[in-house]
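A.B. asks: Please arrange chain B on chain A, whose structure you already have, making use of the hints.
The primary structure of each chain is shown beneath.
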Amino acid sequence: MKTDSQMPATDEPAPAAKNGPGGLVFDLLATAIFAAALVTSLQYNRLQGLVPTIFCSITLVLMIAIVVSRFARGPEDDVAEDVVAGRAGVWFVCYAAAIIGVGFYVAIPVFTFLYLRQEAQLKYWQALLFTAGASILLYGAFVKILYVHPWVGLVPELVAGYIGGGIAPPL
Amino acid sequence: MPIDALLHGLATLMRPDMLLTLFVGSIVGLTFGLLPGLSAITGMALVLPFTFGMDPLAAMLIYAGIISVSPLGGSLPAILLNTPGTPQNLVSCFDGYPMAKRGEGSRAIAVTSMSCLVGTIIGVVILLALLPFVKMILLKFRAPEIFWVIIFGLIALSGISRQGSLKGLASGGFGLLIASVGWNDVFAGTRFTGGSLYLWDGIPLIPFFVGLLAVSELMAMSARGGQIASNVSIDIEVKGKARQTWEGILDVILRPGLVARSSLIGTFVGIVPGAGGAVASLMSYAAAKRISGTGNTYGTGNVEGLIASEVSNDAKEGGALLPTVAFGIPGSPEMAIVLGAFVMHGLQPGPLLLNEHMDVVVMLVLGVMASQVVASALVLLGATYIAHLTQIRVKLLIPVILTLCFAGTFSIRENPWDIIATLGAGFLGLYMKRFGYPLMPLAIAFVLGELLERTFHQSLMMNFGNYSVFVSSPISVTLIVCSLAVLAWSGAGWLKGRRSAQAETAAELAAERELMD
Chain A
1 MKTDSQMPAT DEPAPAAKNG PGGLVFDLLA TAIFAAALVT SLQYNRLQGL VPTIFCSITL
61 VLMIAIVVSR FARGPEDDVA EDVVAGRAGV WFVCYAAAII GVGFYVAIPV FTFLYLRQEA
121 QLKYWQALLF TAGASILLYG AFVKILYVHP WVGLVPELVA GYIGGGIAPP L
Chain B
172 MPIDALLHGL ATLMRPDMLL TLFVGSIVGL TFGLLPGLSA ITGMALVLPF TFGMDPLAAM
232 LIYAGIISVS PLGGSLPAIL LNTPGTPQNL VSCFDGYPMA KRGEGSRAIA VTSMSCLVGT
292 IIGVVILLAL LPFVKMILLK FRAPEIFWVI IFGLIALSGI SRQGSLKGLA SGGFGLLIAS
352 VGWNDVFAGT RFTGGSLYLW DGIPLIPFFV GLLAVSELMA MSARGGQIAS NVSIDIEVKG
412 KARQTWEGIL DVILRPGLVA RSSLIGTFVG IVPGAGGAVA SLMSYAAAKR ISGTGNTYGT
472 GNVEGLIASE VSNDAKEGGA LLPTVAFGIP GSPEMAIVLG AFVMHGLQPG PLLLNEHMDV
532 VVMLVLGVMA SQVVASALVL LGATYIAHLT QIRVKLLIPV ILTLCFAGTF SIRENPWDII
592 ATLGAGFLGL YMKRFGYPLM PLAIAFVLGE LLERTFHQSL MMNFGNYSVF VSSPISVTLI
652 VCSLAVLAWS GAGWLKGRRS AQAETAAELA AERELMD
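For the protein sequence lines, the chains are A and B, in the order given.
Numbering-wise, the first sequence is residues 1 to 171 according to this note's numbering.
Numbering-wise, the second sequence is residues 172 to 688 according to this note's numbering.
Isolated chain A, as found in the complex (with noise of 0.2 Å):
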């Protein structure tokens, strides 16, 4: 029989986890998101507004039926999928802060150093080199070969062109 690592992967949506909390908690926000977005479009003037008030109504509809559906078969037990996906979540999130913070030549060795040791518990040496071929192959591919220049982060400009100083525009 095959095990998780051995499924490959799909769009089609895993079978677990459909009737658990965390769906009803998911379902409900995305009522709540149509639900909003319903009210935005009926502010806007007749044109701006239209399509999104039909396709929000009919989607707010088909989310009240998907809700009442689940009530009606109940739920599962599905805590234990979310806390091993919460982990890998931590670690994604964490990069992307520190590609934003430090900048790519600084996030791109940590990250991969420390991922490849924590999660893939590989030795010491072998976390240093795989990240130093990893890093020279991903700096040699953008900067080299398609001429961008790495973002070098938000923080205060510590070594000019490679660490801080980067300016990010308004959000």
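No lab work stands behind these hints: they were computed from the structure.
Here the structure is a predicted model, which means the values were calculated and not measured.
Incorrect hints may appear among the rest.
[Said to hold, decoys possible] From the structure, some residues in chain B lie toward chain A, with a derived Cβ separation under 8 Å: (1) Tyr369; (2) Phe581; (3) Ile591.
We put the CB at the ideal spot given by N, CA and C, even for glycine.
C.D. replies: Coordinates of chain B only, in the frame set by chain A:
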């Protein structure tokens, strides 16, 4: 398709830079097909940022390589390790793996390579034959007809979704909502931006696709961990490899009836919008088993079973191109990404694509065929070595691929906030999949949402605000009827599923009561 467009396309393809691009696309397709967990969809999403600045013709070769070759790549672990590289290679395990176990691995791989090549060529030939007729129909498409084509495409994709039409339709609605964010030319105003300058141009396409399709899959892989394939040694009979390879090639050539039937099934399944996955190969396998005189040996290493599944798998890609390039409705999930790529390169998907950008369509079609030739040759020469890639541990790949995702999306506009958009889309994709919402309707609705709204307003303007324009032509009425039919069919399927689930629950409760008694 005009002959001169084809000849011009061939001449362009023969340029050294284009051939190199074709080779790169084939390698990427082979790699992403080979590694279970990394499908063609992930590969397409990953290369989008890197092809952004490329000439559209060269970019089409990369996409063609990934789409066309990934089923071939996915068949290698299916045959050697009983682990399909992509979902559509599931059926290849049935007979491919038993063949490898009894020492005919080289023959199975040769059968696969030849089948993929022949299937692709036949699928493309059928596509080229149908295109002139489709073009004639397309001339009758105006704004209302294009509007209904998009609606039909979204409903068809949602209805075909395994998890039921309610969540599929809701997913499509979410995609339309995301597509509405930002500035709109029709009424010269912004919507749903919350005053944010970042959202003025809307949710950026590439970071969203990369996050939704690639980063979400990486998160899931990181959570699952383990090895890409089981720790089984890859053992191909080395002695007699050349003989087995020749036998495998002959196996396909000497079964023209099976090849033709499987190609037709694959091509026409591919034409059905959204029918991806293993549908074509399953149907072809079932048909071959029923018709064959040795049907009872299918599943034990019958070479016909492998031929049937592999030929239809690849013929499907030719069929899937037809609705994609002609109507802007993706024929498969991979074609949904191609539509996004069209938009990225400034090409409007839909009926006008064939008329205004025939060179792009030709290059995509030629790329599908040519990359299959390249990949088949590579696989025939080095299958054993390529298949060892499946022994790599998942967590070694994640830092590299994640970095490619983040750096790739940053490189488009050199805006660091695109990295946050990518990450956000990654979480969205992860939890949508986890809680039963298919991603393809969302992706398609996101790509086609703007066109949908524009054609809606154009239709009203054409008829001075009168809504009767939407039901005034036979094509529109036909599309409305088809959409309602798909909704009714998927609704009936949902009700049937609920009744079965309720019946199962009742049976389980009854069984428990008996045990307690």
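A.B. asks: For every hint, state whether the structure bears it out.
C.D. replies: Hint by hint, here is what the structure shows:
1. Tyr369: For tyrosine 369 of chain B, the interface hint holds, since the closest Cβ of chain A sits about 5 Å away, which is under 8 Å.
2. Phe581: Where the cut-off is 8 Å and the nearest Cβ of chain A is about 6 Å from phenylalanine 581 of chain B, the hint holds.
3. Ile591: 6 Å, holds
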